[in-house]
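Fit chain B to the supplied structure of chain A, relying on the hints for placement.
2 protein chains.
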Amino acid sequence: MNDKITLAHGAGGREMEEILQKLIFSKVENRLKKIRGGVGIDIPDDGAAIPIGEGKYLVVSQDTYTVKPIFFPGGDIGKLAACGSINDVLMMGARPMAMLDGILVEEGFSINTLQKIIDSYLTILRENNIATIGGDFKVMPKGEIDQIVISTVGIGIAEKLIIDNNVKEGDKIIVTGSIGDHGATIMALQHGIEIESEELRSDVQPLTKLMLPLIERYSNQIHAARDPTRGGLAMTLNDWANMSETVIILESDKIPIKPQVQAYSEMLGIDPLYLANEGVAVLAADPSIAEEIVSQAHKLGYSEATIIGEVKKSEKYPGFVLIKSEVGGLRILEPPMGEIIPRIC
Amino acid sequence: MNDKITLAHGAGGREMEEILQKLIFSKVENRLKKIRGGVGIDIPDDGAAIPIGEGKYLVVSQDTYTVKPIFFPGGDIGKLAACGSINDVLMMGARPMAMLDGILVEEGFSINTLQKIIDSYLTILRENNIATIGGDFKVMPKGEIDQIVISTVGIGIAEKLIIDNNVKEGDKIIVTGSIGDHGATIMALQHGIEIESEELRSDVQPLTKLMLPLIERYSNQIHAARDPTRGGLAMTLNDWANMSETVIILESDKIPIKPQVQAYSEMLGIDPLYLANEGVAVLAADPSIAEEIVSQAHKLGYSEATIIGEVKKSEKYPGFVLIKSEVGGLRILEPPMGEIIPRIC
Chain A
1 MNDKITLAHG
11 AGGREMEEIL
21 QKLIFSKVEN
31 RLKKIRGGVG
41 IDIPDDGAAI
51 PIGEGKYLVV
61 SQDTYTVKPI
71 FFPGGDIGKL
81 AACGSINDVL
91 MMGARPMAML
101 DGILVEEGFS
111 INTLQKIIDS
121 YLTILRENNI
131 ATIGGDFKVM
141 PKGEIDQIVI
151 STVGIGIAEK
161 LIIDNNVKEG
171 DKIIVTGSIG
181 DHGATIMALQ
191 HGIEIESEEL
201 RSDVQPLTKL
211 MLPLIERYSN
221 QIHAARDPTR
231 GGLAMTLNDW
241 ANMSETVIIL
251 ESDKIPIKPQ
261 VQAYSEMLGI
271 DPLYLANEGV
281 AVLAADPSIA
291 EEIVSQAHKL
301 GYSEATIIGE
311 VKKSEKYPGF
321 VLIKSEVGGL
331 RILEPPMGEI
341 IPRIC
Chain B
1 MNDKITLAHG
11 AGGREMEEIL
21 QKLIFSKVEN
31 RLKKIRGGVG
41 IDIPDDGAAI
51 PIGEGKYLVV
61 SQDTYTVKPI
71 FFPGGDIGKL
81 AACGSINDVL
91 MMGARPMAML
101 DGILVEEGFS
111 INTLQKIIDS
121 YLTILRENNI
131 ATIGGDFKVM
141 PKGEIDQIVI
151 STVGIGIAEK
161 LIIDNNVKEG
171 DKIIVTGSIG
181 DHGATIMALQ
191 HGIEIESEEL
201 RSDVQPLTKL
211 MLPLIERYSN
221 QIHAARDPTR
231 GGLAMTLNDW
241 ANMSETVIIL
251 ESDKIPIKPQ
261 VQAYSEMLGI
271 DPLYLANEGV
281 AVLAADPSIA
291 EEIVSQAHKL
301 GYSEATIIGE
311 VKKSEKYPGF
321 VLIKSEVGGL
331 RILEPPMGEI
341 IPRIC
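So the protein lines, in turn, are chains A and B.
For the first sequence, the tail end lands on 345 under the numbering used here, and the numbers increase by one without skipping.
For the second sequence, the tail end lands on 345 under the numbering used here, and the numbers increase by one without skipping.
So here's chain A without its partners, still in its complex pose (with noise of 0.2 angstroms):
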């Protein structure tokens, strides 16, 4: 057996989940949620939940970002970082309180720069009215890291937690905005692509206001929520149908892709369902309500909310995802596996 740690160890794909499974989960009793009914890490969410009284629970969610570049169409690594520990705390059915960030940056990094990230991070959370409460900065000799890496730690209150594994049979899926932007981006920038940033830009966004009203209003409706970011939409749904033994059915024609994402997907080799957002969330939600959720988001601006698919009932294909083609042929949708991209997020 190979001993060497590869990038598709960290592709967040089949890689990932297998080793993450013989180093981690395999030794971890969660003690948590066989005690206090919380959510630890036996169930793959975007954070964690602690109850805390009152039948609230304390959601916390931790991610490391090492985007490259650094600074790209729609955002840099400051902005990716508090978006994207914001968006992981929606996504648990929470309102955002506070953060936390570890900045990790090479000796003879440039302040002027370093100040550039970290006032588009702290921005962020001064239009969302989340708190800056701690945090850590350690420099690392130069050559030992590149550039700069920031962990954020997401904290916030859910009243009703939405956790992934409860995807219902009929659920609909909805996507809040069109697939694949952000990772099109990074990709065509590390292949060496000039880019317009018109033309291609990444979607990184915090997604509050869309999804603090959807939250106060059906939170018992939605029945999973999560921001496809490594291992794109098809992770997500493949983690989805495999967590609930359902089958999930895709229209393909329904999926919201930019003209451009799908041209420079095409260009670099890749399917936009497996490249990383940073400002879409995906939903199951009951069907009853589907419907009223999508026009309730283009009312909050997400006019490219839409729905994408459905949730059956398991028969010859029980946790898998397929996808409709406009002419009406089945396919399967794979998760992710191998490298698609080191450093997307």
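Hints in this document: simulated from the structure, not taken from any laboratory.
Using N, Cα and C, we set each Cβ at its ideal position, and we do this for glycine too.
Check the hints yourself; a few may be wrong.
Here are a few chain A residues that face chain B, going by a calculated C-beta distance under 10 angstroms [stated by the list, open to error]:
| id | residue |
| --- | --- |
| 1 | T64 |
| 2 | Y65 |
| 3 | S295 |
Derived DSS-like pairs (lysine-lysine); straight-line CA-CA distance at most 25 angstroms [unchecked claim]:
| id | chain 1 | residue 1 | chain 2 | residue 2 |
| --- | --- | --- | --- | --- |
| 4 | B | K116 | A | K4 |
| 5 | A | K142 | A | K168 |
| 6 | A | K68 | B | K116 |
| 7 | A | K4 | B | K27 |
| 8 | A | K324 | A | K258 |
| 9 | A | K22 | B | K116 |
| 10 | B | K142 | A | K22 |
| 11 | B | K4 | A | K142 |
| 12 | A | K116 | B | K4 |
| 13 | A | K160 | B | K116 |
| 14 | A | K56 | B | K299 |
| 15 | B | K142 | B | K172 |
| 16 | A | K27 | B | K4 |
| 17 | A | K56 | A | K299 |
| 18 | A | K68 | B | K4 |
A few chain A residues that face chain B, going by a derived Cβ cut-off under 8 angstroms, partial list only [to be verified]:
| id | residue |
| --- | --- |
| 19 | G134 |
| 20 | D136 |
| 21 | V139 |
| 22 | M140 |
| 23 | P141 |
| 24 | S151 |
| 25 | K160 |
| 26 | L161 |
| 27 | I163 |
| 28 | L300 |
| 29 | G301 |
| 30 | F320 |
| 31 | L322 |
Same frame as chain A, but now just chain B:
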């Protein structure tokens, strides 16, 4: 002005305080503290605290561990990451409950080595009854990060917070173990000095068994508590003197320092009071109870615990730390300046 980040900016001393003030603290309004009585970043402490009702506080602490070498006499980066965050939570007066970890590893890193590090991390959590509730795993391409970095989030519950701006005149300063062991060990290794592990070893250890009973019995009499990591005892005490506008007077012959730590420190040209500790607590305790705390610490197995000084009303030296030599002279113990040693923790 030089626009470059230097190692000194990450060393935990004055330069770090200055750059964080400029880049972050000056731009953040601590909403949390103003609105709800918690602890945010305007008090330099081991973590943040959020009131969660019934007089309780949720304490959250984040740190990123970059120690080099990753294995050293007494521990490894996994054990360090676990102990560091456990101790930060304890020093706020909280009982550690749960932890998240973000692992960032270099492509090509040995899976066996990673397993050893994670096992070492999980063992400390298991032994201290702390749940592993989530985290993140990323791989960076070869050469873009040196081996492995671990970012951890410690979560605990406090009934009475120990906040470090609460040092009072008359308080006794207690240390619970000998000073400088971790820093001297790592520094010697980084300088390529061969050490026998019996001779010099890191003090890295969780302080749960010491601090939980002390917190339970003396949380009103312990006015401040910190584990003096980067910047060492000198940094912690300067912070305290500064915040309380008192003067702290230490008796140099009372400070426990192992002869071999003293010898290596002299060889490396550094005062052990500036070296990082990873298994020692510094307490400022009410004089009425200080002796009792020391004898409790002895009973709990911390035989080196001792009173090393006291807090006095500032007259000539507000905010200073003074150290009395064995022959009676007083010198100022300056806060750390410059780059002491990178990747110490």
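Structure-based check of all given hints:
| no. | hint | result |
| --- | --- | --- |
| 1 | T64 | holds, 4 angstroms |
| 2 | Y65 | holds, 9 angstroms |
| 3 | S295 | violated, 34 angstroms |
| 4 | B/K116 - A/K4 | holds, 14 angstroms |
| 5 | A/K142 - A/K168 | violated, 51 angstroms |
| 6 | A/K68 - B/K116 | violated, 29 angstroms |
| 7 | A/K4 - B/K27 | violated, 43 angstroms |
| 8 | A/K324 - A/K258 | holds, 19 angstroms |
| 9 | A/K22 - B/K116 | holds, 12 angstroms |
| 10 | B/K142 - A/K22 | holds, 23 angstroms |
| 11 | B/K4 - A/K142 | holds, 11 angstroms |
| 12 | A/K116 - B/K4 | holds, 14 angstroms |
| 13 | A/K160 - B/K116 | violated, 38 angstroms |
| 14 | A/K56 - B/K299 | violated, 40 angstroms |
| 15 | B/K142 - B/K172 | violated, 50 angstroms |
| 16 | A/K27 - B/K4 | violated, 43 angstroms |
| 17 | A/K56 - A/K299 | violated, 29 angstroms |
| 18 | A/K68 - B/K4 | holds, 20 angstroms |
| 19 | G134 | holds, 4 angstroms |
| 20 | D136 | holds, 5 angstroms |
| 21 | V139 | holds, 3 angstroms |
| 22 | M140 | holds, 6 angstroms |
| 23 | P141 | holds, 5 angstroms |
| 24 | S151 | holds, 4 angstroms |
| 25 | K160 | violated, 18 angstroms |
| 26 | L161 | violated, 13 angstroms |
| 27 | I163 | violated, 13 angstroms |
| 28 | L300 | violated, 25 angstroms |
| 29 | G301 | violated, 26 angstroms |
| 30 | F320 | violated, 25 angstroms |
| 31 | L322 | violated, 29 angstroms |
Comparing the model with each numbered hint stated earlier shows that hints 3, 5, 6, 7, 13, 14, 15, 16, 17, 25, 26, 27, 28, 29, 30, 31 do not hold.
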